[in-house]
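Protein chains: 2
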Amino acid sequence: MATFINTDTLKFQLFDVLNAEQLLESEYFGDHDKEGLGMFLDSITDFSEKELFPYFQEMDENPAHFKNGKIITHPQVAKMFSEAADLGVIAATLSNDHGGLQIPLSVHTVATAIMDAANNSMPGYAGLTLGSLELILEFGSDDLIQKYAEHMMTGQYAGTMCLTEPQAGSSLSDITTSATPQEDGTYLIKGQKIFISGGDHEHTENVIHLLLARIDGAPAGTKGISLFTVPKFSPDGSSNDVITAGEFLKMGQKGYCTTHLIFGEKDHCVGELVGETNQGLKQMFKMMNGARIAVGRGAAAIAMAAYEASLKYANERSQGRKVTDTGKKDPSQEQTLIINHPDVRRLMLRQKAISEGAMSLVLQSAYYHDRITASNDPEEKKKYHLLLELLTPMAKTYPSEKGIDAVSDGLQVLGGYGFCSEYILQQYYRDIRIFTLYEGTTGIQSIDLLGRKMTMNEGKAPQLLAQEISKTLSVARKIDDFAPYADQLGRRLKDIVDIMEYLGQFSSKGKFNTYLADASLFMEYFSTVVVAWQWLKMGIKATEMKGSGVYSDEFLESKIHTMKFFFHYEVKATAGLKDIIMDPAMLTLKTEKEVII
Amino acid sequence: MATFINTDTLKFQLFDVLNAEQLLESEYFGDHDKEGLGMFLDSITDFSEKELFPYFQEMDENPAHFKNGKIITHPQVAKMFSEAADLGVIAATLSNDHGGLQIPLSVHTVATAIMDAANNSMPGYAGLTLGSLELILEFGSDDLIQKYAEHMMTGQYAGTMCLTEPQAGSSLSDITTSATPQEDGTYLIKGQKIFISGGDHEHTENVIHLLLARIDGAPAGTKGISLFTVPKFSPDGSSNDVITAGEFLKMGQKGYCTTHLIFGEKDHCVGELVGETNQGLKQMFKMMNGARIAVGRGAAAIAMAAYEASLKYANERSQGRKVTDTGKKDPSQEQTLIINHPDVRRLMLRQKAISEGAMSLVLQSAYYHDRITASNDPEEKKKYHLLLELLTPMAKTYPSEKGIDAVSDGLQVLGGYGFCSEYILQQYYRDIRIFTLYEGTTGIQSIDLLGRKMTMNEGKAPQLLAQEISKTLSVARKIDDFAPYADQLGRRLKDIVDIMEYLGQFSSKGKFNTYLADASLFMEYFSTVVVAWQWLKMGIKATEMKGSGVYSDEFLESKIHTMKFFFHYEVKATAGLKDIIMDPAMLTLKTEKEVII
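Chains as they are written, first to last, in this note's numbering: chain A, 1298 to 1894; chain B, 1298 to 1894.
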C-alpha cells in the first residue's frame, strides 16, 4: 500500500472489476502472469514512494524555469526519469519485436496512475517519450527507428509532441511552421511552438521533438500537415538550431516544464519526415488519443491522492461535537473527529465517488485498447475500436472536470488549513486545474464526442456501449437492492437516445452550430451515465467478493456504499441537464444583438 | 468605468434595481444625495485604478511573510490603507455621532466591491478595522471609545478579530484563551490565536485586536466567552506582550497577512473588557454577520473581475472558425474571435449570470441592513432584520461557492494561457478559493440557514422572503416573455415549502442530525432560487429602462439575456437537488459499518 493513493482500489478495479487477467489468455499478452504484473506494480509503488512523492512539494516550491537560454528542472527529475525507464515504464507496453515488454496498457495505466498520484509532474516526461516513440515505431522508417528507438526506450533520449503555435492555438489547420525539402531527403524546419511539455531539459542526452509542419506548397488546412522528427542535437552532437525561447510559468504542475521553442532561427534546423507527406494530423492523433486517456488518468490519480490526504486529516482532526437528538451540543462532551459530521462525510464520499469512478472509466478505456491489441478477429477489433473511440473524450474530460470538484471538496475538508501551503491539498488543487485544458479543452472534447463519436458508423459506437451497459444491468438486477440502480441507469441510457433524437432535427437540417451548442453539457450528462455504469460494475464485483478474503469487508462495503452515493447524489444532481440540452432557447448562439458585454 | 470591473452594472444594481435613492428620503440618510454618493463611488474607482489594481499581481508575487518576529507586507499596503481611510472607507457607514458619514451600507458595499475587484488583498485590512471599531462603538465604554475610535476611523490604528484557536477551529465553545481580572479593572490575557487576518503589520501605529477569551471561572462552552480589546502596543508605546509567532503561507490572497499570534507569553498582555462579561459570542456575531456579507461581496467582486478579464480576451483572441451550415470548416476563411464559439459564449454567460447575480444578492442584504438603520418603526425594523438574517448565510455562500465555478469558467476561456502566471485569471482562481472557508465554512453556513434561519420565529423569515419574491413575480407576469420565468421561480419557491415539510418530520422527532444532513444541498437549492429572484428583478428593471438613455441598449439587452440564461441554465441545472434532499437514503449519516475508507 502506498501512503498517497489506495493501491488496493486500483488492483480491485484492474484485476477484479475489469478482470484484466483474461487478457493474459491471449497470445499477445500470454507471456505474463498475474503475479508478475503484480510485482511490476509493486515495484512502481515502491519507486514512487521513495523517489517521487518525497519531491512532490519540493518541485512545486522550486519550479522549472528558464535561465541563460536553458530550462532548469529540479535535479531529481533526471533520476526519476532514468529509474522509471529502468523499471520499464517506457518500454512496458511496446511489442517484443521492438524490444518492449508487451504489458497490457491497462496494467501500465495503473502503474502510471500510481506515479501520477505520487508526483504528477513526473509521468508526463516518460509518457511523451513513449508517445513519440510509438509514432516513430508505427510510421517511421527503419533508419529513424534505428536512430532513436532504443535510446528513447531506455530513457537516454526523451520525446515531445510539438503541435501548438502562438497564432493557431487548438486550431491545427492554422499552423505555419514550414518544412523545406533538402537534396539529402531531410527538411529544413522553421517556426515556433508553444506549450511544449517537457520541451527542454538537461536530464537526457537528447530530446526528440515530434513536430507538425507544412512542407512548402502543401495544401491549406489540416490536409497539408506532415510529421517530422526534430532532434535537439544533431547526430554529431552539435546543436540542431532548436532554441529555447522561454518557459511558461504556471499556477500548478510547476515541476513539469512547459516550453516555448523556436525552430530554425538560423536556418539550419533539420527534421526528418515520419511516414508519408501530409498525413501528420492523422498520425499525431494516434499519439493524441493515448495522451487524452493519459490526461484523464492523471486527473483521476490526483483526485484519488487528494481523497487520501483529506481522509487522513478527517480521521485525525477533532472539532465540534456531534449533533445530538436534542439538537443541542454539549461542551462537556469530548470533541468528535470531523469524519463524523455528515457534511464532511458527504465531501469525502463525493471525492471517492468521483475519483474512483473516474479512474475506473480510464481503466475501462485502456482495457478496450488492450482488447484491440489482443484480438486477431477483425470484427472484434472493430467493436473495441469503436468503444474506445467513444470513451476517449469522456475518459479525458470526466476526470479532469469532476476531478477539480473532488479536489476542491478535499481542500474544504481541511477548513482554513486547506488553503495553506503547508498542507498538500492546495497543491493538488492547483495542479489538477490544467487537465481540462491539456490535449484539447473540454469544449473540444465535447464537440468530438457529440459531433463525431456519437454519429460515426451510423451511430454504431453508442449502440455497442449500450449493449455493454445492458449486460451489467442484467447482472445488477439479480442482486437484492441493486435493481433500483439498474433501473435508474437504464432510464439515463434511454435519455441519451431521446437527446440524440432531439438533436438529430438540427444535424439533419445542417444546423451543426445549433446541434453542437450545448455539447459540453451533453458531455457532462453522458459521462455521468458511463461512470454510473462503472460504479455499478464495482458494486456488483464487491458484492460477489464478500467473504472471499481477498479484500477486507470494510473495503468491499465501502465500494458498495460509494456506488449508492454516486447514484443517490451524483447521478441525481445532473438530472436537470437533459432539460437544458433539449431546451429550444439556444441562448449561447450568436444573435444579431450584442448580448455579452 | 474601471478596467477591472463593470461599474455600470454595480450602479444599475444599486440605484436602479434596489433603488437605493429611496433610502435618502429617511432622516438617517437624508444628508446625502445621489450625486454625492456617485462622486464617492467615482473617487473609489479612481483610487482603485491608481493605487490598488497596479499592485494586485505584484503583491501576489511578493507575499506577506514572517521575518525576524514581524510580518512584512508589500510597502504599498500602508499607502492603500491610509488613502482608503482618507477617502472615508472606514468612516463611511458610521453615524455622525461617532464622527462617521452615515452613508448607506449598500453604497459602501459597492465602493468596497470596486476595491475588492481591483485588489482583493486590500479591503480586508479596512473592513476588519471598521468591524472592530463598530464593536467598540456599540458595546465599549466611553473610555474605550475615547481611546480608539478616532485613531481607527482615520486609519492610524488598524483592527482585527481574534477568534480561532488551534485546538478549537470553528468550534468557538472550545476556545481556551484566558482573561484574569486585575485590580485596576483590566485583564491579563493568555492564549494563542491563529488565522488572524491583518494580524500584524507595520503600516499603522497600532493594531487593536478584538479578542474572545474566557474570564477565570467562566462557564464552559459559548456561555463563558467575553470580548476584549487587546492593543499591540500599550498606551505608553511599549509592547503589550502580543507576539507574532508566524505567518500562514497560502495559495492565494498572498498580499493579505494571515497571522499566528501569542498573547501573554510573558504574562503581561493587558486587555480591556468590551461591554458585559460572558456576552462575547453574541457581540462578536454582530461583527461576524457583517463580515459574512463582506466575504460574499469579495467573492462576487473577484468573479466579476474575472469575467471582465476573460471577456477582454475572448474579444481579442481569434482562433478556429465558425461551424458553418455544412458542418465543415473552411481554412481559407479568416479565423473567428473565440467569443463567437457557442461554448465560449456559454462560459461567458455563466460567469456573468453567477457573478452579477451573486453581487445583486449581496447588495440586497446590505440594502436590508440599511432599511433597518433607516427605519423608526419597530415592526418594519423587525421585518428587515429577519430578512437580513435569512439572506446572510446565502449572501456569504452563493458568491463564494459559485464564484469558484465562475472564475474557473473564466480561466477556461483562455485555454492554456489561463493556467499561466502572466495572465491574471489564475490569480483570481487561487484567491477566490479562500472564500468558502472564511467566517464559517459552507457547511457551517448551511447549518445556520437550515437549522436556525429557516425556523426562527416560527419560520417567519422565509415567509417574509416569499412575500417579497411574490411582489416581483406579479410585476414579471406583466412583461411579455417574462411569465414563464415567473412561473419557474414560483414553482421553485413551492419546492422550498415542500422540502421544509419533508424535513419537518425529522426535526419534529428530534432527529436533528438527519434534518441537517444535506443542509449544504439545501443551501445550494435555496440560494439559487434567491439569485433567480435577483435576476428577475434585474430583467424587469432593464426592460423598464429601455430607451431611457441612462444605459446603452446593449447594456440592458445583455442584462435581460443573462437573466434568461440564468433561468434556462443555472436554475434548471439544480433541478435534481430537490430529489437528493428528499431522498430517504441518508447515505452521509454515520452508520455502524465503516464505509469511508
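No lab work stands behind these hints, which were simulated from the structure alone.
Check before you lean on any hint, since a few could be wrong.
A pair counts as met if it fits within one copy or between any two copies, since identical chains are not told apart.
[Stated by the list, open to error] Calculated lysine-lysine pairs in the DSSO-like style (CA-CA distance at most 27 angstroms, straight line):
| # | residue 1 | residue 2 |
| --- | --- | --- |
| 1 | K1563 | K1757 |
| 2 | K1791 | K1619 |
| 3 | K1347 | K1869 |
| 4 | K1444 | K1757 |
| 5 | K1887 | K1678 |
| 6 | K1619 | K1890 |
| 7 | K1806 | K1679 |
| 8 | K1609 | K1376 |
| 9 | K1808 | K1838 |
| 10 | K1583 | K1808 |
| 11 | K1347 | K1806 |
| 12 | K1563 | K1609 |
| 13 | K1887 | K1619 |
| 14 | K1678 | K1444 |
| 15 | K1869 | K1791 |
| 16 | K1609 | K1308 |
| 17 | K1563 | K1308 |
| 18 | K1619 | K1308 |
| 19 | K1487 | K1843 |
| 20 | K1367 | K1768 |
| 21 | K1679 | K1619 |
| 22 | K1680 | K1887 |
| 23 | K1887 | K1331 |
| 24 | K1563 | K1364 |
Evaluation of the provided hints:
no.: 1; hint: K1563 to K1757; result: neither (51 angstroms within a copy, 77 angstroms between copies)
no.: 2; hint: K1791 to K1619; result: neither (42 angstroms within a copy, 31 angstroms between copies)
no.: 3; hint: K1347 to K1869; result: neither (41 angstroms within a copy, 48 angstroms between copies)
no.: 4; hint: K1444 to K1757; result: neither (41 angstroms within a copy, 80 angstroms between copies)
no.: 5; hint: K1887 to K1678; result: neither (42 angstroms within a copy, 47 angstroms between copies)
no.: 6; hint: K1619 to K1890; result: between (55 angstroms within a copy, 17 angstroms between copies)
no.: 7; hint: K1806 to K1679; result: neither (30 angstroms within a copy, 59 angstroms between copies)
no.: 8; hint: K1609 to K1376; result: neither (29 angstroms within a copy, 43 angstroms between copies)
no.: 9; hint: K1808 to K1838; result: neither (44 angstroms within a copy, 35 angstroms between copies)
no.: 10; hint: K1583 to K1808; result: neither (30 angstroms within a copy, 57 angstroms between copies)
no.: 11; hint: K1347 to K1806; result: neither (59 angstroms within a copy, 54 angstroms between copies)
no.: 12; hint: K1563 to K1609; result: neither (55 angstroms within a copy, 36 angstroms between copies)
no.: 13; hint: K1887 to K1619; result: between (52 angstroms within a copy, 10 angstroms between copies)
no.: 14; hint: K1678 to K1444; result: neither (32 angstroms within a copy, 83 angstroms between copies)
no.: 15; hint: K1869 to K1791; result: both (15 angstroms within a copy, 20 angstroms between copies)
no.: 16; hint: K1609 to K1308; result: within (21 angstroms within a copy, 47 angstroms between copies)
no.: 17; hint: K1563 to K1308; result: neither (52 angstroms within a copy, 56 angstroms between copies)
no.: 18; hint: K1619 to K1308; result: neither (35 angstroms within a copy, 45 angstroms between copies)
no.: 19; hint: K1487 to K1843; result: neither (62 angstroms within a copy, 55 angstroms between copies)
no.: 20; hint: K1367 to K1768; result: neither (55 angstroms within a copy, 66 angstroms between copies)
no.: 21; hint: K1679 to K1619; result: neither (56 angstroms within a copy, 33 angstroms between copies)
no.: 22; hint: K1680 to K1887; result: neither (39 angstroms within a copy, 44 angstroms between copies)
no.: 23; hint: K1887 to K1331; result: neither (55 angstroms within a copy, 37 angstroms between copies)
no.: 24; hint: K1563 to K1364; result: within (21 angstroms within a copy, 49 angstroms between copies)
In summary, the structure is inconsistent with hints 1, 2, 3, 4, 5, 7, 8, 9, 10, 11, 12, 14, 17, 18, 19, 20, 21, 22, 23 from the numbered list given earlier, while agreeing with the others.
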